[in-house]
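K.L.:
Top to bottom, those sequences are chains A and B.
Under this note's numbering, the first residue of the first sequence carries the number 1, and numbering increases by one thereafter.
Under this note's numbering, the first residue of the second sequence carries the number 1, and numbering increases by one thereafter.
Hint data in this document are derived by calculation from the structure and do not stem from the laboratory.
Heads up, a few of these hints could be off.
As the list claims (entries may be wrong) - Once the Cα atoms are required to be at most 30 angstroms apart in a straight line, the calculated DSSO-like pairs of lysine-lysine come out as:
#1 B:100 / A:99
#2 A:134 / A:99
#3 B:100 / B:53
#4 A:99 / B:53
#5 B:100 / A:134
The structure presented is a predicted model; accordingly, all values stated were derived computationally and were not measured.
Chain by chain, the residues run as shown.
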Amino acid sequence: MSAWDDWVPGFTRTAATRVMTAERMRWYADALETCSSGVDEPVIAEPNIHTDDEFAQANGLPARVSDGMISTNWISTLLTELFGDGYLVGGSLRTRFVKPIFVDEGIDVVLRVVNRERGEDGFERLVLDVECVKGDGSVATGGAATVTLR
Amino acid sequence: MSDLEVGDHLGPLDQVVSAFLVREYAHAVEEASERHQGVAIVATPTLMHAFKKRLMEHACPLGVGPTARMHLVYDAVCHRPIPGGTTVVLAAEITGRYEKRGRERMEATFEVRDKTTGEAYMTYYDTTLLSYRSNA
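Make the full structure from the sequences, and use the hints.
P.N.:
Structure below.
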């Protein structure tokens with residue numbers, strides 16, 4: 001019996017629902033500015049489409065929208081929790097930002113096994129469909145990931 | 001940034017992946033594991049997105065252009081985790097620029113390598129909408 005016995009094509013794993021809050025958008029906006037600044041000091045992001053409704057509306061959006069990397073991070077975190085080095089060493093993640101996520105929308109991260117096969121190195125690999133799904137069932141972020149079962 | 005062309009090279013640019021940056025990013029995305037917030041930490045793969053931003057801003061000091069960009073695709077291959085404290089070299093090439101549904105898109109491939117050994121940590125393929133507005 002292996003921990004991965006259930007992970008066959010069609011198997012689905014859904015994480016607990018998270019709500020996209022204005023705070024989460026702000027945390028990410030500030031972290032992005034901090035980590036791209038080139039120095040080890042916290043930076044507060046200037047108003048942008050992820051932090052400011054008026055700025056977003058001036059750029060043709062109805063309101064501030066989540067940075068797509070937040071939902072991507074939620075997928076990436078779940079992959080790390082489940083597969084560890086099977087994702088971090090030789091794995092991959094591709095996400096496409098299909099629909100904007102607005103403040104207070106609930107998001108489910110869903111992983112679905114598409115393929116499972118053994119590689120030349122003897123390890124089994126999974127190809128997964130990955131999605132962040134809104135409360136109305138529509139996909140906000142979609143894509144694919146590959147991981148190794150170690 | 002809006003005047004970048006296919007074939008343009010960005011970098012190389014040194015980046016210290018400090019424990020501060022690793023923890024700051026992990027904290028912001030609620031990645032609470034010891035792997036990213038403990039002592040012997042490694043960077044979350046998605047920290048690459050911040051390094052992309054730094055390299056783009058370094059290469060294009062005049063800014064993004066007249067309107068807000070919109071990130072469309074994150075596509076990263078994790079060769080191995082980046083340990084906290086490592087100095088890496090960031091580099092990129094613009095690989096595509098085209099119009100779709102009346103809006104211009106740009107594709108770029110980024111590489112993150114160890115400054116000392118040259119070994120690859122990540123390869124990142126990025127697609128960005130240069131202007132969210134269709135009439136900009």
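K.L.:
So, for every hint listed, does it hold in this structure?
P.N.:
Now for the hints, and whether the structure bears them out:
no.	hint	verdict
1	B:100 / A:99	holds (17 angstroms)
2	A:134 / A:99	holds (9 angstroms)
3	B:100 / B:53	holds (23 angstroms)
4	A:99 / B:53	holds (22 angstroms)
5	B:100 / A:134	holds (26 angstroms)
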